[in-house]
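Novice: Sequence:
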Amino acid sequence: MAYEDLREFIEKLEAENQLARINDEISPVLEMTEVADRTVKSGGKALLFEKPKGYKIPVLLNAFGTERRMCLALEVDRLEDVGRRLTSALEFRPSSFMDALKGIGIFKEFMSFVPKKTSRAPCKEVEAESLDKFPILKCWPKDGGKFITLPVVITKDPETGEINAGMYRMQVYDGKTTGMHWQIHKHGAEHFRKMAEIGGGKIEVAVAIGVDPATLYAATAPLPSGVNEFMFAGFLRKERLKLVDCDTVDLQVPATAEIVLEGYVKTDEFRIEGPFGDHTGYYTPPEPYPVFHITHITHREDPVYHATVVGRPPMEDAWLGKATERIFLPIIRLIHPEIVDINLPVEGAFHNLAVVSIRKRYPGQAKKVMYALWGMGMLSLTKILVVVDSDVDVHNMSEVIWAVTSRFDPSRDIVILPPSPTDSLDHSAYLPNLAGKLGIDATRKMKDEGYSREWPEVIEMDEETRARVDKIWESIKNIVL
4 MAYEDLREFI
14 EKLEAENQLA
24 RINDEISPVL
34 EMTEVADRTV
44 KSGGKALLFE
54 KPKGYKIPVL
64 LNAFGTERRM
74 CLALEVDRLE
84 DVGRRLTSAL
94 EFRPSSFMDA
104 LKGIGIFKEF
114 MSFVPKKTSR
124 APCKEVEAES
134 LDKFPILKCW
144 PKDGGKFITL
154 PVVITKDPET
164 GEINAGMYRM
174 QVYDGKTTGM
184 HWQIHKHGAE
194 HFRKMAEIGG
204 GKIEVAVAIG
214 VDPATLYAAT
224 APLPSGVNEF
234 MFAGFLRKER
244 LKLVDCDTVD
254 LQVPATAEIV
264 LEGYVKTDEF
274 RIEGPFGDHT
284 GYYTPPEPYP
294 VFHITHITHR
304 EDPVYHATVV
314 GRPPMEDAWL
324 GKATERIFLP
334 IIRLIHPEIV
344 DINLPVEGAF
354 HNLAVVSIRK
364 RYPGQAKKVM
374 YALWGMGMLS
384 LTKILVVVDS
394 DVDVHNMSEV
404 IWAVTSRFDP
414 SRDIVILPPS
424 PTDSLDHSAY
434 LPNLAGKLGI
444 DATRKMKDEG
454 YSREWPEVIE
464 MDEETRARVD
474 KIWESIKNIV
484 L
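Residue numbers (this note's numbering): 4 to 484.
Please note that a few of the clues may not be correct.
Pairwise CB distance ranges, derived in the manner of DEER restraints [claimed, not checked]:
hint, residue 1, residue 2, range
1, I417, P459, 15 to 25 Å
2, I475, L437, 53 to 63 Å
3, I479, P422, 54 to 64 Å
4, G178, G378, 36 to 46 Å
5, S401, S122, 35 to 45 Å
6, R196, R469, 26 to 36 Å
7, E83, S45, 18 to 28 Å
8, S45, R469, 20 to 30 Å
Here are the simulated EDC-like cross-link-like pairs (lysine to aspartate or glutamate), alpha carbons at most 16 Å apart as the crow flies [unchecked claim]:
hint, residue 1, residue 2
9, K56, D135
10, K205, D253
11, K127, D281
12, K149, D281
13, K363, D344
14, K120, D281
15, K44, E350
16, K197, E165
17, K119, D248
Bear in mind the hints are in silico, worked out from the structure with no lab data behind them.
The beta-carbon is built from N, C-alpha and C at its ideal position, and this holds for glycine as well.
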């Protein structure tokens, strides 16, 4: 059964000995960040601060901070399992009448995850006057203030009516206003721009804090425009998500959210947001962003405030990123069958580095893969792409470095693109949102690519010797290792 809410996930974490309850009085201003930073970098547990200094509402941090907890969140044994479910439907091609009937069944399965409305909503149990009652974190010393770091921000496309649920940090200015960090490439920013273009004056916004883990992940997933995040959450949960109408805006929110904020963003109002200690390991400098005006606040009885801390990697968000890498890899393979595996190293902060292995069959194929990935969704922001052969484990950086240093000639095997879209948080870019890209072809070269020699053979032990040593390895392993 899917987690009904965040609380059921907390119960699961505790049952799996993955939760630490902290009864010491610890401040949400800097102190919780220091505890979380030490914990996540040591592979530690999820943290439930039961007595935040100055507040009565507990704080949950590091809920997704290991691969195991990310699997628990999505209720799978391996993160790749979700991708396999996706591609099993996408690969369907009917060849007979019976297959076509089966296809109807697949369509019905997807449609069965359309969210359902409910009138019973725990998220409306209590009304609040302002944000002041919630233990919102100030994470780093030079942050511009307190930031809401795990909000599910819900908007509606003013032209199509399509709903988007995305995750954008929100700096708290006072009890009723926050910043809205809509980066230029995000769907929320697109809704905002469309509303400004048609002269709408303001766009309605709802924010859910403390949702079930599948819904939270869905809000971070790089879904294409037009794909409903709440329907995708239902697909992940294998159970429809319950939504409830907001009270003051024409939007719906997850009914079991811990906290709900309703309000609007004016299309002609901006305010300086930041600095913010970001997942790049640097402070993102202050910039003007839209302002969210809160008109209504509700929450559950005895709510839990769910947050995350980002900073120099690795941090908790690394595992949200790794989930995306594993879940969407099968879809990338479906489009580009030569791709074997992909690694978005945590140290690369998602968009700065990708290592891709391919089954190379023809000259120039590595460069073809580079251009293809630079044309795919959020992968278009990738600054450095390294392409290696299928015999290289992309997750083993020792093997990757070996391939780069032994199969790459800087004079011929490099691709440099002129300034093109880059992550808004790429601090190395000379211009915001624009930077060059680097491609490194670290595959074995073919004669048709101008390689004039025979490629040397990789050293490998023969199978007979391997088989003989296998028989004695268990008896000597504990001695030699």
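Novice: Between K205 and D253, does the CA-CA distance stay at or below 16 Å?
Specialist: holds (13 Å)
Novice: Okay, R196 versus R469 on CB: inside 26 to 36 Å?
Specialist: Hint violated: Cβ distance 60 Å, outside 26 to 36 Å.
Novice: What's the verdict on K363 and D344, does the C-alpha distance respect the 16 Å limit or exceed it?
Specialist: holds (13 Å)
Novice: So does S45 sit 20 to 30 Å from R469, Cβ to Cβ?
Specialist: Hint violated: Cβ distance 37 Å, outside 20 to 30 Å.
Novice: Decide if the proposed pair is consistent with the structure: K127 and D281, CA atoms, cutoff 16 Å inclusive.
Specialist: violated (32 Å)
Novice: Is it true that the CA of K120 sits at most 16 Å from the CA of D281?
Specialist: Given pair K120, D281 is violated - Cα atoms ~36 Å apart, limit 16 Å.
Novice: Does the Cβ pair I417, P459 satisfy 15 to 25 Å?
Specialist: Once the Cβ atoms are compared, 22 Å apart, the range 15 to 25 Å for P459 and I417 holds.
Novice: Quick check on a hinted range of 54 to 64 Å for I479 and P422, using CB atoms only.
Specialist: Because 57 Å falls inside the window, the suggested range holds.
Novice: Mind checking the alpha carbons of K149 and D281 for me, to see if they're no more than 16 Å apart?
Specialist: holds (13 Å)
Novice: State, for the Cβ atoms of S401 and S122, whether the hinted interval 35 to 45 Å holds or is violated.
Specialist: Since the Cβ atoms of S401 and S122 sit about 57 Å apart, the hinted range of 35 to 45 Å is violated.
Novice: Does E165 sit within 16 Å of K197, going by the straight-line distance between their CA atoms?
Specialist: holds (13 Å)
Novice: Measure nothing beyond the straight line between the CA atoms of K56 and D135; if it is 16 Å or shorter, mark the hint as holding.
Specialist: holds (13 Å)
Consistency with the previously given hints fails for numbers 5, 6, 8, 11, 14, ordered from lowest to highest.
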